[in-house]
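**Student:** Residue-level listing of the chains:
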Amino acid sequence: MLDQNIAAEVLARAVSTGGDFGEIFLEDRVNHSVSMKSGKIDTVQSGRIHGAGVRVFEGTRAIYVFTNNTSREGLMDCASKAAAAVRGGKGCQVLPFRVNHAERPEEIRLLPTEVKAALKAEKVRAAEAAARAVSPEIVQVQSGFSDSVQDVLICNTEGAFVTDRRVWSRLRVAAVASDGKENQSGSDGPGAAMGFELFDSLVDPEASGRSAATQAVTMLHADKCPAGVFPVVIDSGFGGVIFHEACGHSLEATSVAYGISEFSGKLGQQIASPCVTAVDDGTMVNEWGSLHVDDEGMPTTSLTLIKDGILTNYMIDKLGSRRMNMPPTGSGRRESYAWAPTSRMRNTFIAPGTDDEDEMIATMGEGLYAKRLGGGSVNPATGEFNFAVAEGYWVKDGRIVRPVRGASLIGRGSQVLMRIDRVGRDMKMSAGVCGSISGSIYANVGQPMIRVSALTVGGR
Amino acid sequence: MEMNVFVDQLLAAAKAGGIETAEAYAREEESFSAKAMDQQIEQYEVSATRSLSLRGTVGGKMGYASTEAFDDEAIRQLVEGVIEGAALNEEEEQDEIFPGEERYPELAAEENDFAEVPAEDRLAIALGMEAGLRAADERIRLTEGSNINVSQNRVLLRNSYGLNLERRGSLAFAYTVPVARDGEATAIGIAFRVGRKLKNFDPDAIAREAADEALSMLHAEPVASGDYRVVLRWDAMQSLLSAFSGIFSAENAQQKLSLLAGREGETIAAPIVTLMDDPLRAGGLASRAFDDEGSACRTKAVVEAGVLKTLLHSRKTARKQGVETTGNAAKAGGAVHVAPTNFYLEPGGKTLDDLLKDMGEGLLITDLSGLHAGANPISGDFSLLSKGYVVKDGKKVSPVERVTIAGNFYQLLRDIRAIGCDLNFPGSGIGAPSADVGTLKVSGK
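These protein sequence lines map, in sequence, to chains Z and D.
My numbering numbers the first residue of the first sequence as 1 and each following residue consecutively.
My numbering numbers the first residue of the second sequence as 1 and each following residue consecutively.
It is worth saying that the hints were derived from the structure and are not from the lab.
Hints are not guaranteed to be accurate.
Okay, the calculated bits of chain D under chain Z, using three or more residues with CB under 8 Å as the criterion [what the hints assert, rightly or not]:
hint, region
1, 55-65
2, 193-204
3, 333-342
The following residues of chain Z were derived to be distant from chain D, with all beta-carbon distances above 12 Å [stated by the list, open to error]:
hint, residue
4, Val65
5, Thr70
6, Val94
7, Leu95
8, Phe97
9, Thr163
10, Ala207
11, Val229
12, Leu267
13, Thr301
14, Gly398
15, Ile400
16, Asp426
Model, not experiment: these values are computed from the prediction.
Glycine included, every Cβ here is placed at the ideal spot set by N, Cα and C.
Here chain Z stands alone, though its shape is the one from the complex (with noise of 0.2 Å):
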């Protein structure tokens, strides 16, 4: 994709006002999507996303300029224009390249940009059928198949010079379900590091658009949701997002590095209750937030988070591993050339524990069933963190008796990890987007079923 020769004089460009450190990164991607509404497809799409950026460290200070000119002129141009934001520090060498193409576990059978929009079309139409097919309560269903291809190079000073493919796949699907007078909705979006091989075996389109009609319609004749506070029991898959907001983000190197999140300075102390294990794990072959080398040109790792309720790891990028002395990770991760990287969630789960799954809702007295979780935020300084409820069902005297709808559960991370009670055994994860400051990036969540003694449930 660059030519050493040129890579190397524009790194040494880029460091020649005294940068410590210089990176070039280079992307060629092709995002293809096909979407269908009111059963017929109406958009079909193909972009290419083009560009590259160069990065200057000086000491904890970081530069990035960024075009879509990627000719050498544009590159040298970048690194002219990163050298002169620097003011003066050691300087560094331009190490010689070690040439290599990342290690990929996996075999792309089926690389999208070679499979003909109409095939995917037909997939797209599966799952909208299947949807409708539900309850003549569906009034509109949108779904639709999106996948990348992503060609990488990332070079710098300390030799790396790395080339990678990335190609990802998705199937969205969302049902509304009205009876004229209120409107609900219900989604499904599996998603994996595949090509089109993904419906082979893994992604079943009918499943999906039945999956999205069923929580619409459920959700339709739902009542709302109390309000209060109540135990909480979270099923597997997305509502792994729990974690990924009360716990993942506060162990970023991004808020831990200048001491903002609230588990600063905590490796090592009990931060979660002892039945908490928890993985960022970036090795899982095909997985939906698994890299092959991260976007500064780590190879990626899996990290313990959290061992039996105590801190172990927090997830670091190289501008985090310079404020806090510790090695990064392989979690530098960023929505495109658009954006500097930092440290971000790849796979992060919480890991299988020993609870029976009935048991928990039977013991829980009355409470909240959250079946299907939506997305969510959180403030790592003060740990606040949201999410909506996609699907929730009311239990009493330990037994589900209705469903419910409009909730949302909030809390602080720190007081939510220390109130779980109960991990279940079957681990699953699920497909989502993460955003942060280095953009959008594709990181899954995954827990077993959970129950959280007591949580704020957002109700009406």
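The hints should help you fit chain D onto chain Z, whose structure is shown.
**Tutor:** Relative to chain Z, chain D alone:
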């Protein structure tokens, strides 16, 4: 390749490739940003980028493609992408490539002072906010950063009918996020300025405002769950209006994603509610003379005195409903959708203090979180993590956090009891004043 030269070649290649009508939409942007932390510049970012999307019809059906590379290969990919996409398009009512209006409204040129403010002076704004926070109070020793962003862009819309439109935009914003700590208590504040005159940004004033907010939120506690009267401060009201602005889109209505479908002419809000969409607003962040398919933009009331006057339209949605477009076509990834421009709740006559006085007892909500998840535009339901203050005898008495407010936006529009005079546009074209929104369900302790 210069953008217009690339577009010339692209439109010629599209024609030669069999695309009947074609439109190129290009955007070029330059940006500068910096973040100060710990009293020094920690991050510094500069960029020059451009992107282009092509759409075009083959057999009357529309296809879409976009690129950030500008070479011969890109031209081939764009043309092939449009042709492949068009062949699969099944919609009966299609988007169109528009030959253009005879006249477009005249907008006052946007003046900015960016050229007169060199990088060092821009960095001084970020450093100034950081220093201001430090000076404000000893309980502020940490920040999430003080930021300055400056950007300028040019949009080019050209099509195979010879239409050739251009608009330029520019924007600067500065914001700071202090973290206040007092014993076990932590609270954050935020304050920002948006504008086109960097010389008007006063770092001390921004820092003071953010520091005051952070300090005033220290030792906040949840209130007991129950029904509360609520005043939403302008920023919280704006967040909510922004999250639900899609319900006014004719595109959503026609797809049964909005409950306002077919409700034009009906009362959908309290009589004091008027919602304007004004693309011609002087200095507005979304001001424009033409929309993203080349239709002329115009000012209109979407809701007037509680009555839904019109939904927002593109050419396609308008044709489908037998009305004129409202000039609200907006490109997203190449395809045309519908979006508001400068869209705001018309201010009333009362100050925020008056609103609180009239309410007497209740909550003043100043911040809503997680709107992407906790606000459901399909149902109108919302349940959102909120911050603010307990109000007693018309006055703020203590800070509140870790509560949710829940309700339904369609109902809230009907329940609005009073509207403030403090209309603000925090960082986008969508704006709101503070408003007394009646009674909402609060979950707390």
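**Student:** So, for every hint listed, does it hold in this structure?
**Tutor:** For each hint, the structure was consulted:
1. 55-65: Coverage by chain Z holds for the region 55-65 of chain D (3 residues, Cβ < 8 Å).
2. 193-204: That given contact is violated, which follows from only 0 residues of the region 193-204 of chain D lying within Cβ reach (below 8 Å) of chain Z.
3. 333-342: Check passed, 3 qualifying residues.
4. Val65: The claim is violated: Val65/Z sits with its nearest Cβ about 5 Å from chain D, within 12 Å.
5. Thr70: For Thr70/Z, whose nearest Cβ neighbour in chain D is about 8 Å away, the distance does not exceed 12 Å, so it is violated.
6. Val94: Val94/Z is indeed farther than 12 Å from all Cβ atoms of chain D, at 21 Å.
7. Leu95: holds (24 Å)
8. Phe97: holds (25 Å)
9. Thr163: holds (18 Å)
10. Ala207: At about 22 Å from chain D, Ala207/Z clears the 12 Å cut-off, so the statement holds.
11. Val229: violated (6 Å)
12. Leu267: holds (19 Å)
13. Thr301: For Thr301/Z, whose nearest Cβ neighbour in chain D is about 25 Å away, the distance exceeds 12 Å, so it holds.
14. Gly398: holds (23 Å)
15. Ile400: Ile400/Z clear of chain D: closest Cβ-Cβ about 21 Å, beyond 12 Å.
16. Asp426: holds (25 Å)
Checked against the numbered hints given earlier, the structure breaks hints 2, 4, 5, 11 and satisfies all the rest.
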